[in-house]
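Number of protein chains: 2
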Amino acid sequence: MSSAETTVAESNTTDEVVAELRRRSSFVFVSHVKPDGDTLGAGLALGLALKQLGKRVAYFQQDPVPRNLRFLPDSEDVTRDVAADLPADTLWVFCDMSDFTRAGEYLPAIPREHMLDIDHHLGNSHFGAFNYVLPTEASTGTCVLRLLHALGVTITPEIATCILTTIMTDTGAFMHTNTTPAVLRMSAEMIELGADKPLITDQIFANKRFAATKLLGMALERAVLDDDGRFCWTYVDEAMLREANADGEDTEEIVQHLRAVDGVECAALFKDYEGAVRVSLRSRGRINVQAAAAMLGGGGHFMASGLTYPERDLRKAVDGVHAALRAQGL
Amino acid sequence: MSSAETTVAESNTTDEVVAELRRRSSFVFVSHVKPDGDTLGAGLALGLALKQLGKRVAYFQQDPVPRNLRFLPDSEDVTRDVAADLPADTLWVFCDMSDFTRAGEYLPAIPREHMLDIDHHLGNSHFGAFNYVLPTEASTGTCVLRLLHALGVTITPEIATCILTTIMTDTGAFMHTNTTPAVLRMSAEMIELGADKPLITDQIFANKRFAATKLLGMALERAVLDDDGRFCWTYVDEAMLREANADGEDTEEIVQHLRAVDGVECAALFKDYEGAVRVSLRSRGRINVQAAAAMLGGGGHFMASGLTYPERDLRKAVDGVHAALRAQGL
Numbered sequence: 001m002s003s004a005e006t007t008v009a010e011s012n013t014t015d016e017v018v019a020e021l022r023r024r025s026s027f028v029f030v031s032h033v034k035p036d037g038d039t040l041g042a043g044l045a046l047g048l049a050l051k052q053l054g055k056r057v058a059y060f061q062q063d064p065v066p067r068n069l070r071f072l073p074d075s076e077d078v079t080r081d082v083a084a085d086l087p088a089d090t091l092w093v094f095c096d097m098s099d100f101t102r103a104g105e106y107l108p109a110i111p112r113e114h115m116l117d118i119d120h121h122l123g124n125s126h127f128g129a130f131n132y133v134l135p136t137e138a139s140t141g142t143c144v145l146r147l148l149h150a151l152g153v154t155i156t157p158e159i160a161t162c163i164l165t166t167i168m169t170d171t172g173a174f175m176h177t178n179t180t181p182a183v184l185r186m187s188a189e190m191i192e193l194g195a196d197k198p199l200i201t202d203q204i205f206a207n208k209r210f211a212a213t214k215l216l217g218m219a220l221e222r223a224v225l226d227d228d229g230r231f232c233w234t235y236v237d238e239a240m241l242r243e244a245n246a247d248g249e250d251t252e253e254i255v256q257h258l259r260a261v262d263g264v265e266c267a268a269l270f271k272d273y274e275g276a277v278r279v280s281l282r283s284r285g286r287i288n289v290q291a292a293a294a295m296l297g298g299g300g301h302f303m304a305s306g307l308t309y310p311e312r313d314l315r316k317a318v319d320g321v322h323a324a325l326r327a328q329g330l
Numbered sequence: 001m002s003s004a005e006t007t008v009a010e011s012n013t014t015d016e017v018v019a020e021l022r023r024r025s026s027f028v029f030v031s032h033v034k035p036d037g038d039t040l041g042a043g044l045a046l047g048l049a050l051k052q053l054g055k056r057v058a059y060f061q062q063d064p065v066p067r068n069l070r071f072l073p074d075s076e077d078v079t080r081d082v083a084a085d086l087p088a089d090t091l092w093v094f095c096d097m098s099d100f101t102r103a104g105e106y107l108p109a110i111p112r113e114h115m116l117d118i119d120h121h122l123g124n125s126h127f128g129a130f131n132y133v134l135p136t137e138a139s140t141g142t143c144v145l146r147l148l149h150a151l152g153v154t155i156t157p158e159i160a161t162c163i164l165t166t167i168m169t170d171t172g173a174f175m176h177t178n179t180t181p182a183v184l185r186m187s188a189e190m191i192e193l194g195a196d197k198p199l200i201t202d203q204i205f206a207n208k209r210f211a212a213t214k215l216l217g218m219a220l221e222r223a224v225l226d227d228d229g230r231f232c233w234t235y236v237d238e239a240m241l242r243e244a245n246a247d248g249e250d251t252e253e254i255v256q257h258l259r260a261v262d263g264v265e266c267a268a269l270f271k272d273y274e275g276a277v278r279v280s281l282r283s284r285g286r287i288n289v290q291a292a293a294a295m296l297g298g299g300g301h302f303m304a305s306g307l308t309y310p311e312r313d314l315r316k317a318v319d320g321v322h323a324a325l326r327a328q329g330l
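Chains as they are written, first to last, in UniProt numbering: chain H, 1 to 330; chain P, 1 to 330.
Each hint should be verified, as a subset may be incorrect.
To be verified - Pairs of lysine to aspartate or glutamate residues, derived as DMTMM-like cross-links and limited to a Cα-Cα distance of at most 25 angstroms, are as follows: (1) P/208 - H/227; (2) H/34 - P/262; (3) H/55 - H/77; (4) P/208 - H/253; (5) H/208 - P/227; (6) H/208 - P/202; (7) H/55 - H/20.
The hints are simulated quantities; they were obtained by calculation from the structure and are not laboratory data. None of these values were measured; they are calculated from a predicted model.
Isolated chain H, as found in the complex:
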């Protein structure tokens, strides 16, 4: 898989990683900033398992645990503080991040030989002395599940809940195309082992802030359908945030609703607050929204991209994005 030219280390084998986990006495699990159910659930699952083996386990995360993930077992122990008395052989386990810098600026300096990198992203930089990077896995949690099976630990209901949370997070609750037969079978296994699927569903997918619901309403009421129904867009501005008592975190779902409109080929949300007009773009598969965003200095993927418009002028931003999308065949 690797070549002589590249300095990127190959991924370690499951056996190599398991041997390192057995060798160490102490672990700190690290999740990325703006944590989601995968980065946090993966670390908690492996932490809970290593406690069974008598290991010392801590969890580092720069940001507080989001309210909708506080149901996760052990999440009350997640902190940005690092104990002063960590053993010298402590292994820092980074979950679900392409590079350790995604852990944020509060992360202390850690020698590479004490870093294990567990991830499922193609672009992972293999930054650890140990790297367990499986790009065909649906979540970092399912990478961890492989390790749990190899370690031979008991998958308790708590661990199963953490793993199922990673799966449901990264498959959009089984909606995304990474929901393979293997993923469905692993989910079945986790439920049989005691994963509390109704709790996960309720906490992660049915637990919206009222402010976000109001803001969604205001944004959808203002939605516009252009280009013979192929382009659906709307905006959120400071007045709307104020009226809904909402903040920038409450806008996440809006563009998905626009993309779901029958016949739409791409969708855009214009966010006119915090000093700039930022744009989220989504495609249904025909229009390359990464290329459209790149024309205006942005980036992302074919299906999802974003940009900050050069000028803070909503009308100009709408026109500019519209032109870029048409250049991509809208």
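With chain H fixed as given, assemble chain P onto it according to the hints.
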């Protein structure tokens, strides 16, 4: 399971139903009015399978196939017309309905001995000469899957797509609590056999009318949070329907969004159009909304119920429903 006192026939065994399917030469599959992915997908799956055995197959449905189900194989053959030359041994197979009257008034009179009733509802009236009613199944389609396995037919990608559609419809895309390990494993099997899950997801769950999206926005913008955040409600009236260019069918999703607000224990949508104020109630598990609806002449289940308010007065309806919910412990 049955008793001497009851006239309700026991469900037939799989072998008995399979024998009857082999015995007959001709079939008409019947779906219920306001068809969904389960009633239609179940009939199409069994119809496609019986064609493999050289049987004559037709599909009866009073309503047109909804736009978002037209991707289903053979759905173009679904009609409310009945051929004049049906063989005398034609078996009418009713899918996903408690009683044959759910097929609508266009259904011709059919002798009971030519009726097969396939369903997964507890309250099924066993109206056929043959009844295959399995209340533990997640969808009528998974009842059909049992028959397909017993018939030994090839589960083609088309059949697998129909079965997976029934599962995803009746589990709310794997969100409801009927998403058992067995259901997830069946879904895995269907994908391996060629079910087009991305197509199903896109057609059924990401294919909203623009009018429904606008109306959702208008309703959510008007949402009210009462009783210290335990009760969330909103309304839709004729002016809103007009402004959104929407109709009564476009209100379905609204109450789910209200129910999903953090801390909410029950949610209500007041529909003030078509000559009355109708109310949809949803619970998160503590408040019995069936009992609340019953106090005002309505009905339903513990978690979901509905009623028509005695007076066409939105303000009075809100107050009346509020009082009924408080009587149930809100």
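Results of checking the hints against the structure:
1. P/208 - H/227: holds (17 angstroms)
2. H/34 - P/262: Distance of about 20 angstroms is within 25 angstroms: holds.
3. H/55 - H/77: holds (15 angstroms)
4. P/208 - H/253: holds (15 angstroms)
5. H/208 - P/227: holds (17 angstroms)
6. H/208 - P/202: holds (24 angstroms)
7. H/55 - H/20: holds (13 angstroms)
In summary, this structure violates none of the numbered hints.
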